[in-house]
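Chemist: Construct the entire structure; sequences and hints are all you get.
Listed below are the residues making up each chain.
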Amino acid sequence: MIRVQSEPLDSAQSLAAFQARAHNAGALASFTGLVRGGGVSKLVLEHYPGFTESEIARIEGEARKRFDLIDTLIIHRFGALAPGDAIVLVAALSTHRRAALEAVDFLMDYLKTEAPFWKREERADGSHWIEPRADDRIARSAWEESSES
Amino acid sequence: MRVLFFGRLADVAGKRERQAPALETIAALRAWIDAEDAVLGEALRGKGVRIALNKSIVHDENASLSEGDEIAFMPPLSGG
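Line by line, the protein sequences are chains A and B. With the working numbering applied, the first sequence covers 1 to 149. With the working numbering applied, the second sequence covers 1001 to 1080.
Derived by calculation from the structure, the hints in this document are not laboratory data. Nothing here was measured: the structure is a model prediction, and the numbers come from that model. Be a bit skeptical, because a hint or two may be false.
[Claimed, not checked] Some chain B residues flagged as far from chain A (calculated, every beta-carbon gap over 10 angstroms): (1) Ala1010; (2) Asp1011; (3) Pro1021; (4) Asp1034; (5) Ala1035; (6) Gly1041; (7) Asp1060; (8) Asp1069; (9) Met1074; (10) Pro1075.
[Claimed, not checked] Partial list, derived from the structure: chain A residues whose beta carbon lies under 10 angstroms from chain B: (11) Arg3; (12) Met108; (13) Glu131.
[To be verified] Calculated cross-link-like contacts (lysine-lysine; reagent style DSS-like; alpha-carbon spacing at most 25 angstroms): (14) Lys1047(B) to Lys1015(B); (15) Lys1015(B) to Lys42(A); (16) Lys1055(B) to Lys1015(B); (17) Lys65(A) to Lys1055(B).
Ideal Cβ positions, reconstructed from N, Cα and C, are used throughout, including at glycine.
Modeler: As structure tokens, this is what we get:
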């Protein structure tokens, strides 16, 4: 399931609902991304309605092709967030732990580099757009190399 | 046709959306933007800027456009 929402994200509640649908799964792995503090008063995420959802669906499709998964959950926020708020929740259900853990890692690496979101940080000295980080791109490339080997 | 700008490109454009006259290709659209706003035209050629035509990524600037198309200029993404 994919959801792109402006409403607050309650990861515990969303995970409980996701787990309730797991019938034959032996493993549920998840990751919750939080807005970092450190001088940031607000983080604003912009998205491209329609396109953002379809790109996330494409990324999810890649994960399902690559790992033996029963189901996946991806919830991503947009709009204004405060430090400590959950910004993204990714979860995967599988019969075994490794596929679930790796799928979550893979989904996060791809969301970081390919999901259409743009982040702006508000700090005491003004507002700044956040550019993608080189190490996020390197992490994503590592998956491409491992699929070739 | 509708032209959309995201992230820092919307700041440069001064708005998120602009109406453009009917143009035949993305290259022609770029030329129109250059004439209207050279600073914006330059920003749209920035590193990592991607273009979506009707919500699909396009790489071919000679792809033909039709009336009612939606063209989006997107700076490098930062999801997660």
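Chemist: Hints first: check each against the structure and report whether it holds.
Modeler: Here is how each hint holds up against the structure:
1. Ala1010: 8 angstroms, violated
2. Asp1011: Given a closest Cβ separation of 8 angstroms, the condition is violated.
3. Pro1021: 23 angstroms, holds
4. Asp1034: 23 angstroms, holds
5. Ala1035: 26 angstroms, holds
6. Gly1041: Gly1041(B) is indeed farther than 10 angstroms from all Cβ atoms of chain A, at 19 angstroms.
7. Asp1060: 18 angstroms, holds
8. Asp1069: Holds, since 14 angstroms exceeds 10 angstroms.
9. Met1074: Non-interface label on Met1074(B) violated, nearest chain A Cβ at 6 angstroms vs cutoff 10 angstroms.
10. Pro1075: 7 angstroms, violated
11. Arg3: 14 angstroms, violated
12. Met108: 6 angstroms, holds
13. Glu131: 6 angstroms, holds
14. Lys1047(B) to Lys1015(B): Holds - the C-alpha atoms of Lys1015(B) and Lys1047(B) are around 21 angstroms apart, at most 25 angstroms.
15. Lys1015(B) to Lys42(A): 21 angstroms, holds
16. Lys1055(B) to Lys1015(B): 19 angstroms, holds
17. Lys65(A) to Lys1055(B): 23 angstroms, holds
In this structure, the hints that do not hold are numbers 1, 2, 9, 10, 11, in rising order.
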